[in-house]
Amino acid sequence: MIPSSRPEYPGGPGATQALLQVDRLSLSISGTDILQEVSLTLAQGEILALTGESGSGKSMTALAAIGLLPEGAATSGRLLLSGRDLLTLPERDLCALRGREVGMVFQEPMTALNPVQRIGDQVMETILVHRAMGRDAARARAAEVMARVGLDPERIPPTRYPHELSGGQRQRVGIAMAIALRPKLLIADEPTTALDVTTQAQILELLTGLVREEGMAMLMITHDLAVVAGMADRIAVMKAGRIVEQGRTAQVLAEQRHQYTRQLFEASRHQAPLVPVSPGETQLSVREAVRDYPLPRKHPFAPRRAFRAVKGVSFDIRRGERVGLVGESGCGKSTLSRAILGLEPLQAGQISLDGKPILSHGRPDPEIRRRVQVVFQDPYGSFNPRHSVGRIIAEPFHLLPDPPKGAARQAAIAGALSAVGLKPEHAEAPIHAFSGGQRQRIAIARALIIEPELVIFDEAVSALDVRVRAQILDLVAELSRTRGLSYLFVSHDLSVVRSITDRLLVMRDGEIVERGDTSDVFDNPRHWYTKSLMEAAPKLPALAMGGDDDAGGKPL
Amino acid sequence: MLGYALKRLTSLAVSLLVASLVIFLVVEVAPGDPASYMLGMNAQPDTVAALRSELGLDLPKWQRYLSWLGGMLSGDFGTSYTYRTPVAEMVAERIAVSLPLALYALGLSTLIALPAGIYAAARRGRAGDAGVIGATQLGIAIPNFWFAMLLVLLFALKLRWFSAGGFPGWEQPLVALKSLTLPAVALALPQAAILARVMRSSLIDILSEDFIRTARAKGLSRRQALWRHGLRNALIPVLTILGLQFSFLLAGAIIIEQVFFLPGLGRLIFQSITQRDLIVVESVVMLLVFAVIAVNFLTDMAYALVDPRLRGAR
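Residue numbers (full-length UniProt numbering), protein chains in the order written: chain S, 1 to 556; chain X, 1 to 314.
Among the hints, erroneous ones may be present.
Taking CB as the label site, the calculated pair distances span [unchecked claim]:
{"hint": "1", "chain 1": "S", "residue 1": "Thr88", "chain 2": "X", "residue 2": "Trp227", "range": "26 to 32 Å"}
{"hint": "2", "chain 1": "X", "residue 1": "Ala141", "chain 2": "S", "residue 2": "Thr88", "range": "43 to 49 Å"}
{"hint": "3", "chain 1": "S", "residue 1": "Pro294", "chain 2": "X", "residue 2": "Trp227", "range": "37 to 43 Å"}
{"hint": "4", "chain 1": "X", "residue 1": "Phe248", "chain 2": "S", "residue 2": "Ser532", "range": "55 to 61 Å"}
{"hint": "5", "chain 1": "X", "residue 1": "Phe248", "chain 2": "S", "residue 2": "Arg308", "range": "41 to 47 Å"}
{"hint": "6", "chain 1": "S", "residue 1": "Pro404", "chain 2": "X", "residue 2": "Val14", "range": "50 to 56 Å"}
{"hint": "7", "chain 1": "X", "residue 1": "Gly71", "chain 2": "S", "residue 2": "Arg308", "range": "49 to 55 Å"}
{"hint": "8", "chain 1": "S", "residue 1": "Ser314", "chain 2": "X", "residue 2": "Leu310", "range": "57 to 63 Å"}
{"hint": "9", "chain 1": "S", "residue 1": "Arg363", "chain 2": "X", "residue 2": "Val22", "range": "29 to 35 Å"}
{"hint": "10", "chain 1": "X", "residue 1": "Arg311", "chain 2": "S", "residue 2": "Gly134", "range": "28 to 34 Å"}
{"hint": "11", "chain 1": "X", "residue 1": "Asp205", "chain 2": "S", "residue 2": "Asp520", "range": "47 to 53 Å"}
Hint data in this document are derived by calculation from the structure and do not stem from the laboratory. No experiment lies behind these values; they were computed from the predicted model shown. C-beta: ideal position from N, C-alpha, C; glycine also.
All chains should be modelled from the sequences, with the hints used to inform the complete structure.
What follows is the structure, encoded as structure tokens:
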């Protein structure tokens, strides 16, 4: 099942004159080597995906290709665009070339647009700054491109400001800016990483369509192999500043000659070893939970309006159960998990643990509260950077009426660190000495130290590279086995939830639209929304070789 | 935008009402009876009582509050206990000095600070930046009365370009303006130093934003990206500081007024407090509160002009 829904690019490298030719490019920034002897070619009309984990140098390669390397970057080698070496081109010529011959789409649509300028003006600016045409013609061209990227002028007129648009719409504006002058090369740096799956599918389709129709070449930077598999002609895999493998997409995915490619691939399809459990009595009970957020009044005397983020949701988690909660951003899943933690008041309904309400008189009951712990997406942001790991982990002790002291406290910290695969001596180290995966382990240790009965993982692996993610999922599975931990795993990523939960809740617009055993929901989704989520999620092809084909053969 | 303005206006009116009540009460509970103070230590009790009733001090508090408030609304600020002249006249005379001086100083400070801040941010980490940082450090550190005396020594006594102090009135506007120049410079310097720092750091923050990189990817040069995309986004904190500075300059110039013998609002308050001229204190403080709140309102409006996200009900 190699992806072949789309015609292969006819020539491949070398068949036509290469548009972009990177020739043994090395880059160091203030003495640190970032890229080492990177060589790539990209022909007209071709899509090349550059993939690898964070810090592998893929974004720097992209910035080099548009001449936007940070100050203090020292380069060697050549980077030819239509025969001109961007590494030696003066800044003036680079300015003339950016936007006109190379366009770039960035990852974060929320911050990539100027918040105080109308979107139409921002698209027009690409045209005007190159003096490509007069104001009126530029305005017409901007309108044309915005329509081309799917921004309906009736609904999203060019007079809108970025904050009035959704993430997907903003990314469309970003694409319109990049293609307004029909550049020969389009660079897309993780263009869909910050978007929901359904939006991601639309943006990927748009990008591929544009490249095919306008005859552009595209350099696509992504960490997601499934995205790569669906759209690229060729793949280059980067690791630690080097390209370790490159070739035709189908070939690279099928052969996986380099060990690292194989690791990435296996990690992407990783199934955590969940042992079957027989759930005990009801532990968490959410009954008709309603959460309203007040909206600002239209004028001082207008009636208060409210936005209902959670609309009467009910579900139970039984002892030892592993439940997934999926949905797109804004569906209310984070509000719901905060409410379970007692961090959000409810306007109606009740949440109780072992029959006792989480909130008593509007305040979290500490007795109940300490039995539920949470692990967030960005561990670094939830740690005080001045504290040692030991102190960070011991934080939840303040929830106990009689926290352990002295040797007992040290023993508890050591125990929690060992449980997550770290060493007791790590307790003394400062938090910034740890990698992203280790930090997430520390966050889990912090959640475990007071032996909670229920842990909420709120997008806990979304920011991690695939290999680290696989390790953390294994850890979660292990904790479920050894401690009989029940958890609620909140994620927008269907493949993650599938590998780590028994039961699944699908949330949309503040309501749970589908629920059931995880495998049933995946094999036989009933609600249209669940179906659309599953269809939109990028899929890795099953492999001809590589052993365990069971996981890859399923829809996800 | 209209809804936003209406909302701000409502909060402006409420703030003023609350402020007037607080000021009235604070002045009421302050020790010292104006009537006995005016008549001296040896006054007869019945004379004091007569004066008290003449001044309206024997009326119930709420009635005096209402008549004070009503008078303010109609422009009648009452009569000074000490000078027996209408407060409105005294205040108007002083505002004719203080307001132009504040505006003059604010204009100067903006003219110096914004270019300096932008220049430093554009040359971050280079010699020009270090120069601006050093200069602002100095500007903040130097006490403004000492700087004012240096100005007098150099420009008034030695070079004789400006007069050393006093204010001739507005009959000859240019002469008046000239006599306000040294005080305005002395006031503007520390303000400019603070403002330049705010401008610099705000712009540096903005220049590391993603949308600046997007602008560069469109083909804008570093300078174009700074002017077209950086500046407007960097203005919000600058506007905040400007608003605060104006309120400060209006009444906080008391030391500079002393150094230059200027009949400004600051000196008026100082004198009135020492003379227990409570009606003047009340009125001037109320006026200043009004100025501060009005400036805040204008600052809010300026925010909305700069940042579309603040317009309309969010």
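C-beta pair Ala141(X), Thr88(S): status relative to the range 43 to 49 Å that was hinted:
holds, 47 Å
Cβ-Cβ distance between Pro404(S) and Val14(X): within 50 to 56 Å?
holds, 52 Å
Between Phe248(X) and Ser532(S), is the Cβ distance one that fits in 55 to 61 Å?
holds, 58 Å
Has the hinted range 47 to 53 Å been met by the Cβ atoms of Asp205(X) and Asp520(S)?
holds, 50 Å
If I claimed the Cβ atoms of Phe248(X) and Arg308(S) lie 41 to 47 Å apart, would that claim hold in this structure?
holds, 45 Å
49 to 55 Å was suggested as the range; check whether the CB atoms of Gly71(X) and Arg308(S) agree with it.
holds, 51 Å
Could one say that the CB atoms of Pro294(S) and Trp227(X) fall in the range 37 to 43 Å?
holds, 40 Å
Assessment of proposed distance window 29 to 35 Å (beta carbons of Arg363(S), Val22(X)):
holds, 33 Å
So the hint says 28 to 34 Å: do the beta-carbon atoms of Arg311(X) and Gly134(S) match that?
holds, 31 Å
Consistency of beta-carbon spacing, Leu310(X) to Ser314(S), with hint 57 to 63 Å:
violated, 39 Å
How does the Cβ-Cβ distance of Thr88(S) and Trp227(X) compare with 26 to 32 Å: does it lie in that range?
For Trp227(X) against Thr88(S), whose Cβ atoms are near 28 Å apart, the range 26 to 32 Å holds.
In this structure, the one hint that does not hold is number 8.
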